[in-house]
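Chemist: This is what each chain is made of:
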Amino acid sequence: MRLQSKSDDDTRNIGRLIGNRLKPGDTVCLFGDLGAGKTTITKGIASALGIEERDITSASFTIIAEYDSPIPFYHIDLYRVSGDDISELGLHEYLGGDGICVIEWAERAGSEIPDAQISVRLEHKGDNCREIEIEGLEL
Amino acid sequence: MLILGIETSCDDTSAAVVEDGKIIKSNIVSSQDEIHTQYGGIVPELASRKHIEMIWPVVDKALSTANASLSDLSAIAFSYGPGLIGSLLVGVCFSKSLSLVHSLPLVAVNHLEGHIFSAFLESSPSFPFLALIVSGGHTSMYIIRDFNKYEEIGRTRDDAAGEAYDKVAKLLGFGYPGGPIIDNLAISGDPEAISFPRALIRDSLDFSFSGLKTSVLTYTRKNPDAKKEDIAASFQAAVVDVLVQRSLEACKAKGIDRIVLSGGVSANSLLRKSVADAAEGAALEVYLPSKRLCTDNAAMIAAAGYHHFRRGNISNFSLNPKAYVHLGSAHG
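Respectively, the protein sequence lines represent chains A and B. Residue 139 is where the first sequence ends in my numbering, and the numbering goes up by one at each step. Residue 332 is where the second sequence ends in my numbering, and the numbering goes up by one at each step.
The hints are simulated quantities; they were obtained by calculation from the structure and are not laboratory data. Any given hint might turn out to be false.
[Said to hold, decoys possible] These stretches of chain A come out as covered by chain B in the derived footprint (C-beta under 8 Å, 3 or more residues):
{"id": "1", "stretch": "29 to 36"}
{"id": "2", "stretch": "55 to 62"}
{"id": "3", "stretch": "85 to 91"}
Here the structure is a predicted model, which is why all the values come from computation and not from measurement. Using N, Cα and C, we set each Cβ at its ideal position, and we do this for glycine too.
Whole structure, please, built from the sequences with the hints as guidance.
Modeler: Have a look at this one:
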């Protein structure tokens with residue numbers, strides 16, 4: 001499914017639609033360059049799970065941010081991570097468990113992420129426009 | 001009263017001996033920048049392994065430089081969060097072990113509180129004051145009304161200011177950490193060459209640096225031949241403008257007339273100068289810790305720990321490190 005976003009609000013709303021469809025054990029892989037809107041859409045997904053949007057900030061610094069929401073929420077950002085280090089992050093402890101994982105820069109995780117996950121590709125099309133392509137989930 | 005401070009929240013292993021929360025007897029910082037530079041950022045697993053290697057030598061050196069032995073100490077103060085969980089764990093476990101073996105009281109210190117107390121190592125700001133903490137992991141403002149009376153009034157909604165520096169340095173093709181690199185490049189660039197956006201969120205004192213980062217990326221793609229010095233200078237001007245403007249707004253809104261700057265990014269030369277100039281213009285007092293106390297260090301943890309210890313805030317062994325913890329949260 002391909003959607004157009006014309007603002008940060010649109011991107012957050014699309015995130016909310018995704019969040020409403022998620023269940024424990026789901027993993028959402030986000031793909032897109034710097035500034036594509038990955039953290040913004042994560043805010044929307046998290047808000048559907050009862051987390052305040054303001055509490056979701058970039059996780060590039062800490063790599064894995066855990067939230068004590070009714071369904072545990074893990075915001076993972078692999079921006080800084082490369083190659084061999086991935087296997088040492090212990091991603092398997094989060095994926096497919098009792099919580100929901102959103103992974104930014106998911107392409108860097110390689111084989112650490114099992115197939116058949118939900119994937120969301122974001123592309124910045126200039127100004128505030130973004131193209132968002134969702135696979136593995138019906139909205 | 002001598003307090004041993006221990007700080008391992010991110011990529012620097014540090015230990016310090018501080019007397020009466022004020023006199024720095026030693027402040028040893030072992031930086032891991034060299035290791036992380038090749039990865040363009042901190043790699044948590046590498047950071048915690050390095051902390052394990054360095055913690056004993058760093059503590060030994062802090063004690064020998066201070067001419068003190070463990071039996072001279074009144075307490076051990078350690079930062080328990082926020083930070084990288086694996087890194088924090090090393091300092092927390094080390095402090096607990098040392099405390100158990102040598103029967104020394106333990107004092108848990110919030111890392112952000114440590115940053116605020118770095119100002120008390122060189123001066124004595126009166127309460128209340130505005131604390132602006134700007135680093136790679138944090139960009140927040142607090143009103144500090146007294147010891148242990150902290151009110152958060154603004155924070156970043158996306159990237160921390162230091163993180164924006166790191167990301168912009170990386171997209172310009174430079175290494176890590178981005179702060180000093182951009183600061184140096186900016187010296188020979190024109191801060192008005194490019195007009196990058198200043199994100200000021202309405203009806204809030206929060207920050208946002210994500211749009212600025214995107215706008216630098218878009219600009220560099222459209223103008224591949226633009227002078228990197230100009231991009232650095234214009235980017236830095238946008239960050240500093242927002243930090244200064246928000247601090248002044250906060251002081252005005254809350255009726256505060258003192259600002260304490262802290263955190264790694266407050267070592268940035270333009271930010272220091274701009275805050276000092278703006279404060280002078282607005283008749284505000286400003287406290288700028290020296291650069292070595294702006295970046296992560298254990299002396300600030302010992303200084304904050306001293307004030308807790310005097311008030312009887314002792315921690316027990318059940319305390320665990322916390323990657324995310326707001327300043328002012330209760331701890332064990």
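Chemist: In ascending order, which of the hints set out earlier in this document are inconsistent with the structure?
Modeler: none
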